[in-house]
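Trainee: Below are the chains, spelled out letter by letter.
Number of protein chains: 2
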Amino acid sequence: MNEDAWIRRIEARLPVYRRSASRKGGLVLGIGDDAAIYRPAPGEDLIFTTDMMHEERHFRRGYPPDAVGWKALCRSLSDIAAMGAQPRFALLSLAVAPWVKPAWIDGFYDGFLALATRYKVALAGGDLSRAAHTSIDVMVCGSVPAGTALRRGTAYAGDLLYVSGELGGAVLGLRSERSRSPKTLAARERHLRPVPRVALGMALRRRGIASAAMDLSDGLSSDLARLARASGLAAKLCRPLPVFPGASEADALHGGDDYELLFAAPASARIPARLAGQRLTRVGELIDGEPGHLSLEGETLVPAGWDPFVR
Amino acid sequence: MNEDAWIRRIEARLPVYRRSASRKGGLVLGIGDDAAIYRPAPGEDLIFTTDMMHEERHFRRGYPPDAVGWKALCRSLSDIAAMGAQPRFALLSLAVAPWVKPAWIDGFYDGFLALATRYKVALAGGDLSRAAHTSIDVMVCGSVPAGTALRRGTAYAGDLLYVSGELGGAVLGLRSERSRSPKTLAARERHLRPVPRVALGMALRRRGIASAAMDLSDGLSSDLARLARASGLAAKLCRPLPVFPGASEADALHGGDDYELLFAAPASARIPARLAGQRLTRVGELIDGEPGHLSLEGETLVPAGWDPFVR
Numbered sequence: 001m002n003e004d005a006w007i008r009r010i011e012a013r014l015p016v017y018r019r020s021a022s023r024k025g026g027l028v029l030g031i032g033d034d035a036a037i038y039r040p041a042p043g044e045d046l047i048f049t050t051d052m053m054h055e056e057r058h059f060r061r062g063y064p065p066d067a068v069g070w071k072a073l074c075r076s077l078s079d080i081a082a083m084g085a086q087p088r089f090a091l092l093s094l095a096v097a098p099w100v101k102p103a104w105i106d107g108f109y110d111g112f113l114a115l116a117t118r119y120k121v122a123l124a125g126g127d128l129s130r131a132a133h134t135s136i137d138v139m140v141c142g143s144v145p146a147g148t149a150l151r152r153g154t155a156y157a158g159d160l161l162y163v164s165g166e167l168g169g170a171v172l173g174l175r176s177e178r179s180r181s182p183k184t185l186a187a188r189e190r191h192l193r194p195v196p197r198v199a200l201g202m203a204l205r206r207r208g209i210a211s212a213a214m215d216l217s218d219g220l221s222s223d224l225a226r227l228a229r230a231s232g233l234a235a236k237l238c239r240p241l242p243v244f245p246g247a248s249e250a251d252a253l254h255g256g257d258d259y260e261l262l263f264a265a266p267a268s269a270r271i272p273a274r275l276a277g278q279r280l281t282r283v284g285e286l287i288d289g290e291p292g293h294l295s296l297e298g299e300t301l302v303p304a305g306w307d308p309f310v311r
Numbered sequence: 001m002n003e004d005a006w007i008r009r010i011e012a013r014l015p016v017y018r019r020s021a022s023r024k025g026g027l028v029l030g031i032g033d034d035a036a037i038y039r040p041a042p043g044e045d046l047i048f049t050t051d052m053m054h055e056e057r058h059f060r061r062g063y064p065p066d067a068v069g070w071k072a073l074c075r076s077l078s079d080i081a082a083m084g085a086q087p088r089f090a091l092l093s094l095a096v097a098p099w100v101k102p103a104w105i106d107g108f109y110d111g112f113l114a115l116a117t118r119y120k121v122a123l124a125g126g127d128l129s130r131a132a133h134t135s136i137d138v139m140v141c142g143s144v145p146a147g148t149a150l151r152r153g154t155a156y157a158g159d160l161l162y163v164s165g166e167l168g169g170a171v172l173g174l175r176s177e178r179s180r181s182p183k184t185l186a187a188r189e190r191h192l193r194p195v196p197r198v199a200l201g202m203a204l205r206r207r208g209i210a211s212a213a214m215d216l217s218d219g220l221s222s223d224l225a226r227l228a229r230a231s232g233l234a235a236k237l238c239r240p241l242p243v244f245p246g247a248s249e250a251d252a253l254h255g256g257d258d259y260e261l262l263f264a265a266p267a268s269a270r271i272p273a274r275l276a277g278q279r280l281t282r283v284g285e286l287i288d289g290e291p292g293h294l295s296l297e298g299e300t301l302v303p304a305g306w307d308p309f310v311r
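Protein chains in written order, with our numbering: chain A, 1 to 311; chain B, 1 to 311.
In isolation and in its complexed conformation, chain A is listed as follows:
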């Protein structure tokens, strides 16, 4: 099969509404031309993010291909969720290694499109190529009413810190890859097919209760240090952290790939115990101090999450 045949095969898999052009707005032109066209409504801010995944670094050959497709989209969708945006469309660049068979590509798209359908993300185009190693880059565009995107650097001293869900599950799942124990099944699923907190991000934005937000992709310690630094503040964490069942506190602090949301809110804000189906837990506070400095129960905490240039 040549490149054009592959593109036609992929196009045939897309829901029909994603292929139909509209002059009224939205996705005017999708797959098959030099580029895609998205026509926004006035008063809308478009949000763009992109995230790469590489064979043997972010996934292994033996992973279920649908999980690789699912996670590739999840990583970028999670950034869109962290801005409080409604996902709109995605571009997918896929380079396949010689070991990749057509069934793998089909499985990859199955997983990608299953998550895309769940959040109504149109696959608007991309790039398909071959390379020595399989790699994937996913760009997602989302939108918010103008001026309402949730950012990292907009929190104030005294704001309280919250996280959604439970942390450390993905790194536990990664450690338990070869296990068949039912005890680590949920963690293995969290590692393979994480769910981006799209509805939660939009709910936080609509309610206007978060002063800053970001997603937890590299680990709470590293990501919180970034949010605090961007806001020109220090942060203190307090116990107990919401730890994924079976994981350690260190997993919850430094494990990446959870794709939960971290946000700050004024102390006066009423934060529900659950929002958009996710449990919310208060984990600390932003304070005046050296920007990005962290402490846990009074002890200095050194960020030790995922960093591609350190590990």
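Any given hint might turn out to be false.
As the list claims (entries may be wrong) - Pair ranges (Cβ atoms, derived):
| no. | chain 1 | residue 1 | chain 2 | residue 2 | range |
| --- | --- | --- | --- | --- | --- |
| 1 | A | A304 | B | G62 | 33 to 39 Å |
| 2 | B | T300 | A | A97 | 32 to 38 Å |
| 3 | B | W99 | A | V310 | 15 to 21 Å |
| 4 | A | A114 | B | N2 | 30 to 36 Å |
| 5 | B | E297 | A | P145 | 57 to 63 Å |
| 6 | B | A132 | A | A250 | 27 to 33 Å |
| 7 | A | P266 | B | G232 | 56 to 62 Å |
As the list claims (entries may be wrong) - Which residues of chain B face chain A? A few of them, derived with a C-beta cut under 8 Å, are:
| no. | residue |
| --- | --- |
| 8 | P40 |
| 9 | H54 |
| 10 | E56 |
| 11 | R57 |
| 12 | A124 |
| 13 | G126 |
| 14 | S129 |
| 15 | H133 |
| 16 | I287 |
Think of the hints as simulated: they come from the structure by calculation, not from any bench. Yeah, the Cβ is synthetic: ideal placement off N, Cα and C, and Gly gets one too.
Place chain B on chain A using the hints.
Mentor: Just chain B, lined up with the frame of chain A:
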């Protein structure tokens, strides 16, 4: 240097106007958050494209790093040019192999930003990671007045076909990589640092003379077959083709990476000999027939340009 330090180093290289947020429109939020924000003006269509490059497939370790950065952006900019759009901003995903030194990354950004500055493309964000092999994915967003983008599938039977510049230079340059002959210097430069036809694409769109357009990235034979097929037409080519000095006609027909523009125009349209600094040459005509079928001076021509799934 860790990831955050790298991002700060890259951010420091950007012109100040690209880092400043504006609430009036344009790039509202650039590098450093979960995603970038671009606020369009009403009546604008945004155009999105993405293109990947891989070590040892699209470039070699020994290439000047600035040429790799330049070409990575050129490939996507050329798609934007083919739609007649004004480039607005780019996202850059870069994964570096262990052999990549900081000086290589600096050189890469030098080349990328040199071309970005030339066409006022803001680098709005991206992703930086490490992998076994170096790979690059560049997303570019461009804009046009609503409804005016140049597409592939909108030509009519009887429309004449034109190309800009001269074809086959990049493949000649690739063949002459190890040559030091001044005769192939221009071809080697075309291979390493092609120039996207951004001004030409915008001029064609503004003048309203092109019924369809695309860029020549895989070779005239393969790309023309796509334009013809998208328009539901066959195409006939006629001699002489505008061949790059020193290249063969086969290079001009099947050589990729030229990044010239191919467009169709009604026979009644007045096409200037030069536009936006580029020579325009009539190379054939679109006719009723089997969609995508090509002929050259009456003989059937089989598309034989670059196809990652065939070579």
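Trainee: So, for every hint listed, does it hold in this structure?
Mentor: We went through each hint and held it up to the structure:
1. A304(A) with G62(B): 33 to 39 Å: 37 Å, holds
2. T300(B) with A97(A): 32 to 38 Å: Holds, at about 35 Å.
3. W99(B) with V310(A): 15 to 21 Å: Since the Cβ atoms of W99(B) and V310(A) sit about 18 Å apart, the hinted range of 15 to 21 Å holds.
4. A114(A) with N2(B): 30 to 36 Å: Holds - the Cβ-Cβ distance for A114(A) and N2(B), about 34 Å, lies within 30 to 36 Å.
5. E297(B) with P145(A): 57 to 63 Å: 58 Å, holds
6. A132(B) with A250(A): 27 to 33 Å: Because 28 Å falls inside the window, the suggested range holds.
7. P266(A) with G232(B): 56 to 62 Å: 59 Å, holds
8. P40: Hint holds; P40(B) Cβ to chain A Cβ min 5 Å, cut 8 Å.
9. H54: 4 Å, holds
10. E56: Result: holds, 6 Å to nearest chain A Cβ.
11. R57: Holds, about 5 Å.
12. A124: 7 Å, holds
13. G126: 6 Å, holds
14. S129: With a minimum Cβ separation of about 5 Å from chain A (threshold 8 Å), the hint on S129(B) holds.
15. H133: Check passed: Cβ of H133(B) comes within 5 Å of chain A, closer than 8 Å.
16. I287: 21 Å, violated
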